[in-house]
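All chains, full assembly: derive it from the sequences and hints.
For the protein sequence lines, the chains are A, B and C, in the order given. Numbering-wise, the working numbering puts 17 at position 15 of the first sequence, and it's gapless, one number per residue. Numbering-wise, the working numbering puts 642 at position 640 of the second sequence, and it's gapless, one number per residue. Numbering-wise, the working numbering puts 117 at position 114 of the third sequence, and it's gapless, one number per residue.
Note that these hints are calculated values from the structure, not bench results. A couple of the hints might just be wrong.
Unchecked claim - For lysine-lysine, the following DSS-like pairs were computed, each having C-alpha atoms within a straight-line distance of at most 30 angstroms:
#1 A:K85 - B:K895
#2 B:K625 - A:K85
#3 B:K861 - B:K625
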Amino acid sequence: MLLINCPYCGERPELEFVHGGQAHIARPGSPAECSDQQWADYLYRRDNIKGVHAERWRHTHGCGRFFNALRDTTSDQFLATYKIGEQPPVPAQAQPRKATA
Amino acid sequence: MSPTLRTPSGGRINRARTVRFTFDGRELRGFEGDTLASALLANGVHLVGRSFKYHRPRGVLTAGPEEPNALVAIRRDAVRVTPNLRATEVELYEGLTAHSQNRWPSLKLDVGAVNGLLSPFIPAGFYYKTFMWPRRAWKRLYEPRIRAAAGLGRAPEHPDPDSYSNRFAHCDVLVVGGGPAGLAAAHAAAESGARVILCDEQPQLGGSLLCEQDPGAALEDGAWLARTIAGLMAHPRVTVLTRTTAFGYFPHNLLGLEQRLTDHLAQPDPAQPRERQWQVRAREVVLATGAIERPLVFPGNDRPGIMLAGAARSYLNRYGVLAGRRAVLVTVSDEAYRCALDLHRAGTPVAAIIDVRPQVAGELPEAARRAGLPVHTGTTVVGTAGRLRVKSIRIRKLDAHGEPRGAVERIACDLVLMSGGHTPSAHLFSQSRGKLHWNEALQAFLPGESPERARCAGACRGIFSAAAARRDGENAGTLAARDAGLVVGAVIGEPALGPAHGAAASGELPQPAGRPVSKAFVDWQNDVTSRDLLLAAREGFRSIEHIKRYTTTGMATDQGKTSNLNALAIVARQIGKPIPEVGLTTFRMPYTPVTFGGFAGYSRGELFDPVRTTPIHDWAAGKGAVFEDVGLWKRARYFPRPGESMHAAVTRECQAVRAHCGLFDGSTLGKIEVVGKDAVTFMNRLYINGWTSLAVGRCRYGILLRDDGFIYDDGVVARIAEDRFHVTTTTGGAARVLAMMEDYLQTEWPDLSVWLTSTTEQWAVIAVQGPSARQVLEGLVQDVDLSAAALPHMSVAPGRICGVPMRLFRVSFTGELGFEINVPADFGQAVWEAVYEAGRPHGITPYGTEAMHVLRAEKGYIIVGQDTDGTVTPDDAGLAWAVGARKPDFVGKRALERPAMHSPQRKQLVGLLTAEPHVVLEEGAQVVLDARAAPPTRPIGHVTSSYYSATLGRSIALALVRGGRARMGQTLYVPTPRGNLAVQVTSPIFYDPKGSRQNA
Amino acid sequence: MRDLSAARQGPYVAASPLVRPLSPMTRLLLRGGADARAAALAALGLPFTDTACRAVCASGRAGLWLGPDERLLLAPQSQLMELSERLSAALAGRAHSLVDVTHRQCALEVSGPQAGVLLNCGCPLDLDPSAFPVGMCTRTVLAKAEIVLWRTGEHSFHLEVWRSFAAYVSKVLAQAARELTA
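Listed below in structure tokens is the structure:
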């Protein structure tokens, strides 16, 4: 069970959270102008990263807020958590390493 | 009891308290403080089990949790039978009843031992290679037979009558292991003011010191042990957990501990839990898990009476038990000489000390020589004899090249003690993803840097002497407290590693070249021999992970605690690689087996899951309702009268709604209050419908898609005020719809001034449905005009009922004139009863979810999740009319514009009428085109809902059928076990298609 | 016509030595911006705080921080109408949502020197006073249910439980309490 640092409530056990998939995937502002391929990419294409991954969590059984986290998928260690709308706070490590180049 | 096997004094047993127990029906006696193993040995019983594969007679090998052989079943009563317990860990209590396992008809005469005679023909991979053909025989013949012959104890056949407990705990420093290092670490951390938890699997603290005749001498500080234990027990910030195994190390310093509370008691209080599982989150962890002695691999090394040297020493010094009457020690290190010296002192003749090393000159060997013990250096063991107990050992001198050349000498003995050096217990460290590094000097894998906030101390990191381990523990405890944020005093330095064992880990003792070695066991529990490992290497396996799976070495319940390094050394030598290059297999939790009850904890019986009931539940239960599970909810399914079948009850309930009036508990419906000046914008963006035009006081059937265009949920939405909507969801969808709404609001549209609040449980929902519904309510409702003109279908009004504030909805999920009374939940039952009483003159009938399903199906109303499956668009479900076509965007709109979403060949919702009107189709049945279609068929659709409609006097069904709306009137077929049934495709609305009844 | 306005019936709560149900109270859920939150607390006569996971209370009323824009307001049962009106007036013109959740949940009190240990049978939080001081409140979980946990004293906690989970939560606590009181 992970220990997750909610940006609002502090460190809490994973039992209080729900994972929310990859972070920083914004819904296109004008969906009507998207091609089918662009829309499919938005809906379905996600990275499968070995290393630092930006992902969403929601403190469902806590403050209820969604937030983002950088987690190393090889070690389960969090590098940072940050509020929705904020930039990843550790730019040097914020560039997720792709599993395939 | 045979008095000669118990020493006249000494040990940590209570000789004043005799304890009676039975083993395989034989009545025996031991002392309080004995384990089952020590008590059996005291009675001269070495044969305790049969091996897994060859059914070879096996004895006690160890004195601790690493025991691979002495697995027994403990029986308390007819239902409390626990198999596969290690006799070395089972504490003796008055009346304990133990049974040996994996033997038939008896331990001494076991028919399965024929496998042992056949063993030359059962090499590694035998089962894989032999039982391949015919394929079908595997399931029916081979697997059941192999399973019956192999294996461990029998699983209990009855539900576990005991209870189990959970506990979450936090601390600054968690110390695992109560030996010299762990005690010192806990003490040092506590002295710094840290919150400390110290756990140990033994009933007493002390660890390896419990096996010393004089712990004070081993520590070089006579009073330290007693003083430290007393200090920890009394310390207010220290929690000491004995009989508690740290079985798993999980991410972010969470450790699983299993505390055994009652297994050692003769008469446990049945009201108390048997075990408690702790989940401890520690800022810092100190692992002081000790080391495990390695056996030696030589032919016939598995006979009863052959055990680890340290185990014999433990039985002697801790339990006052002599493990044999004439001992031979086989060793590759100086440490084991301690055992020979202790036995000699206790009066057990030591017939020989066999040391593989050519020269031995340490302090301990010299002491042995001075004591007159015959030391054979440069000597190997080539075999043993004895069927149910070892009788003799065969040794041979090694030449200058280490080859056995001398004459074979036979030495009579009834006890053979092995010592292959010590393996640090790195199981928990390795579970925490810590990497182990090979230490050439110590010939052992030692823990490296921890990826967690953890450190190792004492023997588990290669500091073997008790005095040095204590210093190492003190150092680790101080540093852990410092890293947990506490102010600490001076830090003493780390002691040096060692002492080294003095011989390279070779795996197997030298054997004559050119002859295959047989019955030289590496893994006692899974019956893996050195020959199996060599065969695997010869067959081309190189990865230790593959060799492990092929030979099953280290895969038994002991996880190879005694075998892994020997297996690794044998493989490394055979394939010509250094040990660290061959690598280690992964250690997995649990360290020792944990009972399922511990993981279940409180979650069994009525507490398995929360049981959610509505405010009207008790009334329904009192009326004899049959309930069904809907998610965690209990919902009344139907209300049978005495002797009434479900079919009859549902028919009666449906007819009452159509003819008079029905009363239905809709409280489980999800409800969300959407409030704020941008509430209508939010609803427009989220739901497919247009909401701008919905007037205050009116309702609309809303449909929610995901952004992939498929139906996610539905429900009636009421506009309570310009800036306030009362949104309802399906019962199962309440939580996920609210989560989806929050997701869009927080992450996509944070600019909107709107907030969401779950009101599911604020309101009790009482549905009154049927032609008489208005008359029933007229006498109860205040402040609301119930007339069709004032309160038309799909409208809502605030008001009161019997003085209770309410939101009154004019809605219908039955197709009849209908109302849904929403009252604050605490008033639910009182209002329900008032409505019921007022309705009795009108024939009001409570109905359940089954009748509700039939009534809505007659009207063609879908149930999301039953008539949809995550691939159904609004158009597929015949709900295209609900789409707000003029809206520029809503969740799912873009996906609906893909050409495939408009294909006329999509599965569309239709009605099906069977040619035979009384046949009710199976839900989930396939729909095919061809009357003669035989499996495998090509279905063009499937039945989603199917009922007998009493109102229509025939069966009805809803189905998703490819291009269904273009097939109206066609005959299709539904395959059933009794043949294909003809069905006619119709509109999904079977009853009152114009809707005149609900608008009444 | 019968008057049922006093016919309240709360959910089932299992009895146990360390746990007692609290009598019905008024509950309002406020969500909104900083100005609305400040105005609401002032209207209830409560001191203002925006500190995460902290409750403020005075004269039988309390405001519990549940999320950055979310406060649970508690008051005596009789004050629902009065407070609703007072809050409506105070919040007029400020972006907010105020929803009556009086009946959505019920309250339990867990008290005694073992209260924290008892809650840790199913609550994964560190309840040592150094980590969870008096006045701290938060949504969390207890076994398989969500609760709001508020420490009202060194040895007492106020739990808010959705009504349909009250039976489950109280039964889990009752079973765990047997181990502590034996």
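Query raised in the report: Given the proposed pairing of B:K861 with B:K625, does the C-alpha separation stay at or below 30 angstroms?
Result: Given that 30 angstroms is the threshold and the Cα spacing comes to 28 angstroms, the pair holds.
Report task. With a cut-off of 30 angstroms on the C-alpha distance, tell me whether A:K85 and B:K895 pass. Result -> 29 angstroms, holds
Query raised in the report: Does A:K85 lie within 30 angstroms of B:K625 when you go C-alpha to C-alpha?
Result: 52 angstroms, violated
Checked against the numbered hints listed earlier, the structure breaks hint 2 alone; every other hint is satisfied.
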